Amino acid sequence: MMKSLIRNTLGVIAICFIGFGSAQASEEGATPHYPIEHPKHVHWSFAGPFGHWDLAQLQRGFKIYHEVCSACHAMKLVAYRNLQELGFSEAQVKAYIAENEIEVDAEPNEDGEVEKRAAKPSDLFVPPFENDEAAKANNNGALPPDFSLLAKARAPERGFPNFVFDVFTMYAENGPDYIYSLLTGYQEAPAGVKVEDGTHYNPYFIAGPALAMAAPLSDGQVTYDDGSPETLDQYSKDISAFMMWAAEPKLVERKSLGFKVMIFLLVFAGLMYFTKKKIWSDVKH
Amino acid sequence: MSGHSTYAPKTGFGKWMDARLPIARLMHDSFVSYPVPRNLNSFYTFGGILSLMLIVQIVTGIVLAMHYAANTEVAFNSVEQFVRDGNFGWLFRYMHANGASMFFIAVYIHIFRGLYYGSYKAPREILWILGCIIFLLMMATAFMGYVLPWGQMSFWGATVITGFFTAIPMIGDSIQTLLLGGFVVDNPTLNRFFSLHYLLPFMIVGVVILHVWALHVTGQTNPTGVEVKKTSDVIPFTPYATVKDAFAMVVFLIVFAWFLFYLPNFLGHPDNYIPADSLKTPAHIVPEWYFLPFYAILRAITFNISIPFTDIVLIDSKLGGVLAMFGSIAVLFLVPWLDTSPVRSANYRPIYRWFFWLLVITGIALGYLGSRPAEGGYVLAAQFFTFLYFAHFLVILPWLGKFEKPTPLPASITDAVLGEKAKA
Ligand code: HEM
Chain A
0 MMKSLIRNTL GVIAICFIGF GSAQASEEGA TPHYPIEHPK HVHWSFAGPF GHWDLAQLQR
60 GFKIYHEVCS ACHAMKLVAY RNLQELGFSE AQVKAYIAEN EIEVDAEPNE DGEVEKRAAK
120 PSDLFVPPFE NDEAAKANNN GALPPDFSLL AKARAPERGF PNFVFDVFTM YAENGPDYIY
180 SLLTGYQEAP AGVKVEDGTH YNPYFIAGPA LAMAAPLSDG QVTYDDGSPE TLDQYSKDIS
240 AFMMWAAEPK LVERKSLGFK VMIFLLVFAG LMYFTKKKIW SDVKH
Chain B
0 MSGHSTYAPK TGFGKWMDAR LPIARLMHDS FVSYPVPRNL NSFYTFGGIL SLMLIVQIVT
60 GIVLAMHYAA NTEVAFNSVE QFVRDGNFGW LFRYMHANGA SMFFIAVYIH IFRGLYYGSY
120 KAPREILWIL GCIIFLLMMA TAFMGYVLPW GQMSFWGATV ITGFFTAIPM IGDSIQTLLL
180 GGFVVDNPTL NRFFSLHYLL PFMIVGVVIL HVWALHVTGQ TNPTGVEVKK TSDVIPFTPY
240 ATVKDAFAMV VFLIVFAWFL FYLPNFLGHP DNYIPADSLK TPAHIVPEWY FLPFYAILRA
300 ITFNISIPFT DIVLIDSKLG GVLAMFGSIA VLFLVPWLDT SPVRSANYRP IYRWFFWLLV
360 ITGIALGYLG SRPAEGGYVL AAQFFTFLYF AHFLVILPWL GKFEKPTPLP ASITDAVLGE
420 KAKA
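Same order as they appear, the protein sequences are chains A and B.
The first sequence: position 130 = 129 (numbering that gives the first Met the number 0), numbered continuously.
The second sequence: position 80 = 79 (numbering that gives the first Met the number 0), numbered continuously.
Keep in mind the hints are simulated off the structure, nothing from the lab.
A quick note: this is a predicted structure, and the numbers were derived from the prediction, not measured.
Mixed in with the good hints, there may be bad ones.
[Said to hold, decoys possible] Taking CB as the label site, the calculated pair distances span:
no., chain 1, residue 1, chain 2, residue 2, range
1, A, Asp104, B, Asp172, 37 to 47 Å
2, B, Ile174, A, Ala190, 45 to 55 Å
3, A, Ser280, B, Gly376, 52 to 62 Å
4, B, Gly181, A, Asn130, 20 to 30 Å
5, B, Ala64, A, Asp104, 29 to 39 Å
6, B, Asn40, A, Gln83, 50 to 60 Å
7, B, Ala64, A, Lys276, 33 to 43 Å
8, A, Lys277, B, Ile22, 25 to 35 Å
[What the hints assert, rightly or not] Taking lysine to any residue and the SDA-like style, the derived pairs with C-alpha atoms no more than 20 Å apart in a straight line are:
no., chain 1, residue 1, chain 2, residue 2
9, A, Lys283, B, Leu417
10, A, Lys254, B, Phe265
11, A, Lys115, A, Glu100
12, B, Lys317, B, Thr158
13, A, Lys275, B, Val31
14, B, Lys228, B, Val342
15, B, Lys229, A, His284
16, A, Lys276, B, Val249
17, B, Lys317, B, His283
18, B, Lys9, B, Ser29
19, A, Lys277, B, Asn40
20, A, Lys276, A, Gly257
21, A, Lys62, A, Gly47
22, A, Lys249, B, Leu262
23, A, Lys62, A, Tyr95
24, B, Lys228, B, Val216
25, B, Lys279, A, Ala209
26, A, Lys276, B, Ser29
27, A, Lys283, B, Thr241
28, A, Lys275, B, Thr241
29, A, Lys249, A, Trp52
30, A, Lys75, A, Tyr33
31, B, Lys14, B, Ser29
32, A, Lys254, B, Glu79
33, A, Lys283, B, Gly418
Virtual Cβ for every residue (Gly too), placed ideally from N, Cα, C.
Only chain A is shown next, with the shape it has when bound in the complex (with noise of 0.2 Å):
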């Protein structure tokens, strides 16, 4: 009986397979799907049941973060102290804090006017723009994201069966692989595309074929101190192991809180089952 089931339901489950695969087929060429190139798929150190930082990689990406992005970008939901968790010394952050004359709002002062105060560390990051509306009129009406979550918040589909597969194969790189292949992925537009003014191509954009941002990084732009190529590859590698770890601070803290869950209920999940053998051992079913 329990066999027939199964039987039946590997049946279904292949069918649909089918039925799926050539439901996409007959879509193509409907309207345009962005992006118009899946992401490329980059080897993550932080990738897998054991990833783990890479912190010298995590502090590159600030660099550049520091470097470039942040001229447009900010990242509001992160303080200056978590930048200890990318290996840096609390001094370092203070350091930091004091080297880039970095000012918040104060309170109001007893005639109620507001000051400005230098930053301490549980301060959140500061953003380049007063309010979206200026940052948006420093970009010719674009608004730069915010950096906190967006690894998370980009996700290309992975369509079927993919996204069947990444459920084995814990495939969860989506974002970061997409923040790479955009910025590795400008370049001339295609004959017949047409691209409006102020945008630039890039196919693995996912909400059209050209977007606001010019392409940020180029080989050589920013130095490195510890020896990695300085290449629009490696920068891109970079910042983007670096945003998924501003959008997911705690995911090495939630892999390996996991293994041990694993391990725990897979144990259990044993005794239980010999448990279950032996007591129905005398009965028939």
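Given chain A's structure and the hints, the job is docking chain B with the ligand onto it.
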């Protein structure tokens, strides 16, 4: 199957209590000596799993509520702050979000189990209807919960779903205004959704108690569909069913943990990591995966229903979609009376069995189509499967029972079990 109580208090306090509030007796009779058929398979463990998931949702939900602020200005950040800085905030949040998905996986298996083994047939109609009510309450709870983090999909999902109500003639607009606490989804909406999201799970607990009560009056069905006839058909709940349920729960928790720790965002929508913005409509508005089959049915009705050869529209496509969607749930309530076959279990219904699996495929296909944009071939496919869905309940079930020739039923559960073993 509640026979005579076999509870015998041993301690003095036990006897004293038993004469005043026999709660220990109730527990003993319900979860220790309660007789269950000996031939229950793994599909019968999902009731226990569902109870566990309800508790998980309530416990994690209460912790989340301590850190949550139901105000559109701060809701998104209040959740994020707990996730980033709270003690195990990320764990509670992901447990609650993925727990809801697991809850629905379990309930769908549980419902299809009931459809396969004819669990809804007399004398279990009330039991079945109580189950359908739990399902409805779960959907309302999950829908309102999804609005709370106030991301893009929260906001637009709420806008689209509450928009359905405007399709109802005459009173639709007033209903929508009442639901939203205004004319658009805004702070009053978030506040009332939070209040209701906190309330409904406890109403679910109440209905679950009734559901289990009804179950313990009629007893469980079993894969043969033949009612319990003699004492050798049953075994006591403890230790047999207890240990089996416990094993199944642990296996289910492994699946839960897999998503929770390794793929916590797999079942969610990335757009919900963007704060709600009433001026920016997402490219595709899709509900949570567990609503997709119903969403597909809603959008499958793309045509008006009018009086033939005239221009008089009786039901426009929008109202038609809403009626079809609510109808798809309403038919579930009627299943006990739609199915005319005297035989319970699909194991002895050679033709029904095929239609059952066709219904499973239909559900999965509708789920997939619900996630696709409503255009071209997808709409046609959704219409086809919507038709199959309703045909199953309104045509196949009533009609099949009349002429299908069931295979011979075993005389009793004991016979079925021992006979099968003898053959093997
Ligand atoms: C039937 C049980 C329940 C279900 C199915 C359910 C479902 C959900 C869902 C789907 C979300 C959105 C999760 C997300 O995407 O982040 C949510 C959020 C939330 N729920 Fe529940 N819930 C249940 C019980 C409760 C209870 C009993 C409480 C409070 C006592 C609660 C409090 C919350 C809070 C505060 C949020 C917002 C935080 C967040 O989004 O993570 N829930 N719920």
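A quick look at each hint next to the structure:
1. Asp104/A to Asp172/B: 37 to 47 Å: holds (44 Å)
2. Ile174/B to Ala190/A: 45 to 55 Å: For Ile174/B and Ala190/A the Cβ distance comes to about 54 Å; the hint holds.
3. Ser280/A to Gly376/B: 52 to 62 Å: At 55 Å between Cβs, range holds.
4. Gly181/B to Asn130/A: 20 to 30 Å: Between Gly181/B and Asn130/A, where Cβ atoms are some 25 Å apart, the hint holds.
5. Ala64/B to Asp104/A: 29 to 39 Å: holds (31 Å)
6. Asn40/B to Gln83/A: 50 to 60 Å: About 53 Å separates the Cβ atoms of Asn40/B and Gln83/A, which means 50 to 60 Å holds.
7. Ala64/B to Lys276/A: 33 to 43 Å: holds (42 Å)
8. Lys277/A to Ile22/B: 25 to 35 Å: At roughly 31 Å between Cβ atoms, Ile22/B and Lys277/A fall inside 25 to 35 Å, so the hint holds.
9. Lys283/A to Leu417/B: holds (7 Å)
10. Lys254/A to Phe265/B: With Cα atoms ~15 Å apart, Lys254/A and Phe265/B stay inside 20 Å; holds.
11. Lys115/A to Glu100/A: holds (11 Å)
12. Lys317/B to Thr158/B: holds (15 Å)
13. Lys275/A to Val31/B: holds (16 Å)
14. Lys228/B to Val342/B: This hinted pair holds, its Cα atoms lying about 16 Å apart.
15. Lys229/B to His284/A: The given pair, whose Cα atoms are some 15 Å apart, holds under the 20 Å limit.
16. Lys276/A to Val249/B: Given that 20 Å is the threshold and the Cα spacing comes to 15 Å, the pair holds.
17. Lys317/B to His283/B: Since the Cα atoms of Lys317/B and His283/B sit roughly 18 Å apart, the hinted pair holds (cutoff 20 Å).
18. Lys9/B to Ser29/B: Distance of about 18 Å is within 20 Å: holds.
19. Lys277/A to Asn40/B: Holds: Lys277/A and Asn40/B sit about 17 Å apart, inside 20 Å.
20. Lys276/A to Gly257/A: violated (28 Å)
21. Lys62/A to Gly47/A: violated (26 Å)
22. Lys249/A to Leu262/B: It holds: about 13 Å lies between the C-alpha atoms, which stays within 20 Å.
23. Lys62/A to Tyr95/A: Holds. Lys62/A to Tyr95/A sits at ~11 Å (cutoff 20 Å).
24. Lys228/B to Val216/B: Measuring from Cα to Cα gives roughly 15 Å; hence the hint holds.
25. Lys279/B to Ala209/A: holds (18 Å)
26. Lys276/A to Ser29/B: violated (23 Å)
27. Lys283/A to Thr241/B: holds (17 Å)
28. Lys275/A to Thr241/B: holds (9 Å)
29. Lys249/A to Trp52/A: holds (11 Å)
30. Lys75/A to Tyr33/A: violated (28 Å)
31. Lys14/B to Ser29/B: holds (19 Å)
32. Lys254/A to Glu79/B: holds (19 Å)
33. Lys283/A to Gly418/B: At roughly 11 Å apart (the allowed maximum being 20 Å), Gly418/B and Lys283/A satisfy the hint.
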